[in-house]
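Participant: These are the residues of each chain, in order.
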Amino acid sequence: MQQDLVHAIKSNPKYHELVSKRSKFAWSMSILMLVIYYAFILVVAYDKPLLATPLWAGATMTIGIPVGVAVIVSAFVLTGIYIQRANSVFDRLTREIKEEVL
Amino acid sequence: MRLWKYTFPTILLTLAAGSALAAGGDMGQVEKQALNIPAIIMFLVFVAATLGITYWAAQRTKTAKDFYAAGGGITGFQNGLAIAGDYMSAASFLGISGLVFLNGYDGLIFSVGWLVGWPIIMFLIAEQLRNLGKYTYADVVSYRFERVPMRSLAATAALVVVVLYLIGQMVGAGKLIQVLFGLDYVYAVIIVGVLIIMYVTFGGMLATTWVQIIKAGLLLFGATIIAFGALYFASDGTMSPERMFQKAVEIHPKKDAIMGPGALVSDPIEAISLGLALMFGTAGLPHILMRFFTVGNAIEARKSVFYATGWIGYFYILTFLMGFGAIVLLTGHPEFADPAAIGGIKGGQNMAAVNLATAVGGNLLLGFISAVAFATILAVVSGLTLAGASAISHDLYANVFAHGNVNEQQEIRMSKIATVVLGIIAILLGIAFEKQNIAYLVALTFSVAASANFPILLMSIYYGKMTTRGALIGGWLGLISATTLVIIGPTVWKEILQLGDPIFPYKYPAFISMTVAFLGIWIGSMLDTSERAKLEHAAFEAQDVRCQTGIGAEGASSH
Chain A
1 MQQDLVHAIK
11 SNPKYHELVS
21 KRSKFAWSMS
31 ILMLVIYYAF
41 ILVVAYDKPL
51 LATPLWAGAT
61 MTIGIPVGVA
71 VIVSAFVLTG
81 IYIQRANSVF
91 DRLTREIKEE
101 VL
Chain B
1001 MRLWKYTFPT
1011 ILLTLAAGSA
1021 LAAGGDMGQV
1031 EKQALNIPAI
1041 IMFLVFVAAT
1051 LGITYWAAQR
1061 TKTAKDFYAA
1071 GGGITGFQNG
1081 LAIAGDYMSA
1091 ASFLGISGLV
1101 FLNGYDGLIF
1111 SVGWLVGWPI
1121 IMFLIAEQLR
1131 NLGKYTYADV
1141 VSYRFERVPM
1151 RSLAATAALV
1161 VVVLYLIGQM
1171 VGAGKLIQVL
1181 FGLDYVYAVI
1191 IVGVLIIMYV
1201 TFGGMLATTW
1211 VQIIKAGLLL
1221 FGATIIAFGA
1231 LYFASDGTMS
1241 PERMFQKAVE
1251 IHPKKDAIMG
1261 PGALVSDPIE
1271 AISLGLALMF
1281 GTAGLPHILM
1291 RFFTVGNAIE
1301 ARKSVFYATG
1311 WIGYFYILTF
1321 LMGFGAIVLL
1331 TGHPEFADPA
1341 AIGGIKGGQN
1351 MAAVNLATAV
1361 GGNLLLGFIS
1371 AVAFATILAV
1381 VSGLTLAGAS
1391 AISHDLYANV
1401 FAHGNVNEQQ
1411 EIRMSKIATV
1421 VLGIIAILLG
1431 IAFEKQNIAY
1441 LVALTFSVAA
1451 SANFPILLMS
1461 IYYGKMTTRG
1471 ALIGGWLGLI
1481 SATTLVIIGP
1491 TVWKEILQLG
1501 DPIFPYKYPA
1511 FISMTVAFLG
1521 IWIGSMLDTS
1531 ERAKLEHAAF
1541 EAQDVRCQTG
1551 IGAEGASSH
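Quick mapping for you: the protein sequence lines, in order, are chains A and B. Per the numbering used here: the first sequence = residues 1 to 102. Per the numbering used here: the second sequence = residues 1001 to 1559.
Honestly, the hints are just simulated from the structure, not real lab data. Among the clues, some could well be false.
Computed list of lysine-lysine pairs in DSSO-like fashion (alpha-carbon distance at most 30 Å, straight line) [to be verified]: (1) A:Lys10 / B:Lys1134; (2) B:Lys1534 / B:Lys1465; (3) B:Lys1254 / A:Lys24; (4) B:Lys1062 / B:Lys1254; (5) A:Lys48 / B:Lys1255; (6) B:Lys1134 / B:Lys1254; (7) B:Lys1534 / A:Lys21; (8) B:Lys1062 / B:Lys1134; (9) A:Lys14 / B:Lys1255; (10) A:Lys24 / A:Lys98; (11) A:Lys24 / A:Lys10; (12) B:Lys1346 / B:Lys1435; (13) B:Lys1255 / B:Lys1346; (14) B:Lys1465 / A:Lys98; (15) A:Lys14 / A:Lys24; (16) B:Lys1134 / A:Lys48; (17) B:Lys1494 / A:Lys14; (18) B:Lys1494 / B:Lys1346; (19) A:Lys98 / B:Lys1416; (20) B:Lys1247 / A:Lys48; (21) A:Lys98 / A:Lys48; (22) B:Lys1494 / A:Lys21; (23) B:Lys1435 / A:Lys48; (24) B:Lys1255 / A:Lys24; (25) B:Lys1435 / A:Lys21; (26) B:Lys1134 / A:Lys24; (27) B:Lys1416 / B:Lys1062; (28) B:Lys1465 / B:Lys1134; (29) B:Lys1534 / A:Lys10; (30) A:Lys10 / A:Lys98; (31) A:Lys10 / B:Lys1247; (32) B:Lys1254 / A:Lys14.
These numbers were taken from a predicted model, which means no experiment stands behind them.
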């Protein structure tokens, strides 16, 4: 990419908006996924009986099963939330930057 | 493709005849199943269909971009399915359901770990990779760095991962086919090798993609039928998971211990390390990363992860249902019993899903799922072979040895030669490792991918102060430390080499080897005051602008 184009983009305020919004969002979402996953793994490691608690009195189903399934579903939901925001905010900013500098 | 026209019918016939002959041949071994006619018919239909696709793809594969990236014309939805097809290996299909069958809840812990890497890939890597690279992830890690050493590092790490993964797949393939089709191990491995050489050399990424898409569709379809069919029968027609769990607890030797976490994760450090390897290892698998170059732009790359995560997550939930269904429907039924095998069922725990297919849908469903299991191996192995061939032709041959002075046709020819050579190596490794314990391979593959490929990729995208020297120090340290720690760890040192207590106490070394890699990159870059380093710092600005906006990124090809 030519140096003057790089400078034109970098001096565009929308570029800074895009970069700061996206990196803040992407890293927060990554940390959220890590927190969900490691919370699960650490409970597995430190407090097995908690996950083996019956879901209701007399149930065979334990708390661990909906929790495990919820971690799987949360991974999918997080990607969906990211897509939503990327489609509405990040793509619009990217398009506007391109229109202004190219 | 004149050569193709002549060879196509011959190869197809030979294969058909070969498999029929081999199937009727040596049936002496105990493990081998009797000739499975529906399975063989369905498998031949699959092979014929995929070879037809390969023929179609071959006529559309002319440029390097076609060969490596299917012309960049795959949609996000298609790529999501293909990624799922590339990632859901026979090991996860049969292995996880077998683990649930044997230990109950513990199987779910693995599934979760294998899934949670995907959102991270979407948030931090997918779009950036698409914006910066062309055909391989090495394009991204050598973007602003010294080409020869960085490509050599990235290609070596890629090849190590590909070969380790290939061994596991080939041995799994041979054993699985032996059990399912009654084919001799060596024949099975050769058939897999020959088929993937054909898919990849003639049809490149386009054929590979469609083989993976079809396989993903078949696997999801088959697994859905088995899982919900099993739930139906295991819950006396009520479709109530609670009812199925009750019956499973009654019948399973471990009783209600199967409903909560067991011995799989006991040491917290091991748990954290396993999590790191599963999570970030996924983000360092070259055959997965390569798939992001097959779509037209960053938006489609992002979409593909969304679909892939959905399909893979759904699939893991199915494997959990299958495991519990197998406990109820197989245990205590003499037609599936084999007291000598692990778990007391025919073929051992890993055949739980396959036996369950028979219990749910008779011989027809068994045949279908056997063919799907074979298709699964073909899809994963062709993705791996293509990734390995690209590392050889695009990274090592074109960029390291020839310094970029080759034309496209020479590069394509080299990648086809590399495919054939890798296919033959895969066959030979499959034969050599037949009797070996390959349990350590998963630990090793994911640990290497998380400790070498992933750190240099992540840091080259986000760390503006990274220099060639820092990346080389961190990348090689990650690769070497992960490999060494697995060798001196419990699985290889104690169980395989039987040298007594392991020097390193953990099975998964990622928490150390990843730290070493990131520290190596950081310190090596900080201490690098060379002129070259200053240029690399300066070049980050332009790289970041392209990465963020996609301006200047590789487009889709015109046709």
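Participant: Decide, hint by hint, whether the structure agrees.
Facilitator: Structure-based check of each hint:
{"no.": "1", "hint": "A:Lys10 / B:Lys1134", "in the structure": "holds, 24 Å"}
{"no.": "2", "hint": "B:Lys1534 / B:Lys1465", "in the structure": "holds, 9 Å"}
{"no.": "3", "hint": "B:Lys1254 / A:Lys24", "in the structure": "violated, 47 Å"}
{"no.": "4", "hint": "B:Lys1062 / B:Lys1254", "in the structure": "violated, 58 Å"}
{"no.": "5", "hint": "A:Lys48 / B:Lys1255", "in the structure": "holds, 16 Å"}
{"no.": "6", "hint": "B:Lys1134 / B:Lys1254", "in the structure": "violated, 52 Å"}
{"no.": "7", "hint": "B:Lys1534 / A:Lys21", "in the structure": "holds, 28 Å"}
{"no.": "8", "hint": "B:Lys1062 / B:Lys1134", "in the structure": "holds, 16 Å"}
{"no.": "9", "hint": "A:Lys14 / B:Lys1255", "in the structure": "violated, 60 Å"}
{"no.": "10", "hint": "A:Lys24 / A:Lys98", "in the structure": "holds, 22 Å"}
{"no.": "11", "hint": "A:Lys24 / A:Lys10", "in the structure": "holds, 18 Å"}
{"no.": "12", "hint": "B:Lys1346 / B:Lys1435", "in the structure": "holds, 19 Å"}
{"no.": "13", "hint": "B:Lys1255 / B:Lys1346", "in the structure": "holds, 22 Å"}
{"no.": "14", "hint": "B:Lys1465 / A:Lys98", "in the structure": "holds, 27 Å"}
{"no.": "15", "hint": "A:Lys14 / A:Lys24", "in the structure": "holds, 15 Å"}
{"no.": "16", "hint": "B:Lys1134 / A:Lys48", "in the structure": "violated, 46 Å"}
{"no.": "17", "hint": "B:Lys1494 / A:Lys14", "in the structure": "violated, 58 Å"}
{"no.": "18", "hint": "B:Lys1494 / B:Lys1346", "in the structure": "holds, 29 Å"}
{"no.": "19", "hint": "A:Lys98 / B:Lys1416", "in the structure": "violated, 39 Å"}
{"no.": "20", "hint": "B:Lys1247 / A:Lys48", "in the structure": "holds, 22 Å"}
{"no.": "21", "hint": "A:Lys98 / A:Lys48", "in the structure": "violated, 53 Å"}
{"no.": "22", "hint": "B:Lys1494 / A:Lys21", "in the structure": "violated, 50 Å"}
{"no.": "23", "hint": "B:Lys1435 / A:Lys48", "in the structure": "violated, 36 Å"}
{"no.": "24", "hint": "B:Lys1255 / A:Lys24", "in the structure": "violated, 47 Å"}
{"no.": "25", "hint": "B:Lys1435 / A:Lys21", "in the structure": "violated, 54 Å"}
{"no.": "26", "hint": "B:Lys1134 / A:Lys24", "in the structure": "holds, 27 Å"}
{"no.": "27", "hint": "B:Lys1416 / B:Lys1062", "in the structure": "holds, 12 Å"}
{"no.": "28", "hint": "B:Lys1465 / B:Lys1134", "in the structure": "holds, 23 Å"}
{"no.": "29", "hint": "B:Lys1534 / A:Lys10", "in the structure": "holds, 20 Å"}
{"no.": "30", "hint": "A:Lys10 / A:Lys98", "in the structure": "holds, 12 Å"}
{"no.": "31", "hint": "A:Lys10 / B:Lys1247", "in the structure": "violated, 64 Å"}
{"no.": "32", "hint": "B:Lys1254 / A:Lys14", "in the structure": "violated, 60 Å"}
Checked against the numbered hints listed earlier, the structure breaks hints 3, 4, 6, 9, 16, 17, 19, 21, 22, 23, 24, 25, 31 and 32; every other hint is satisfied.
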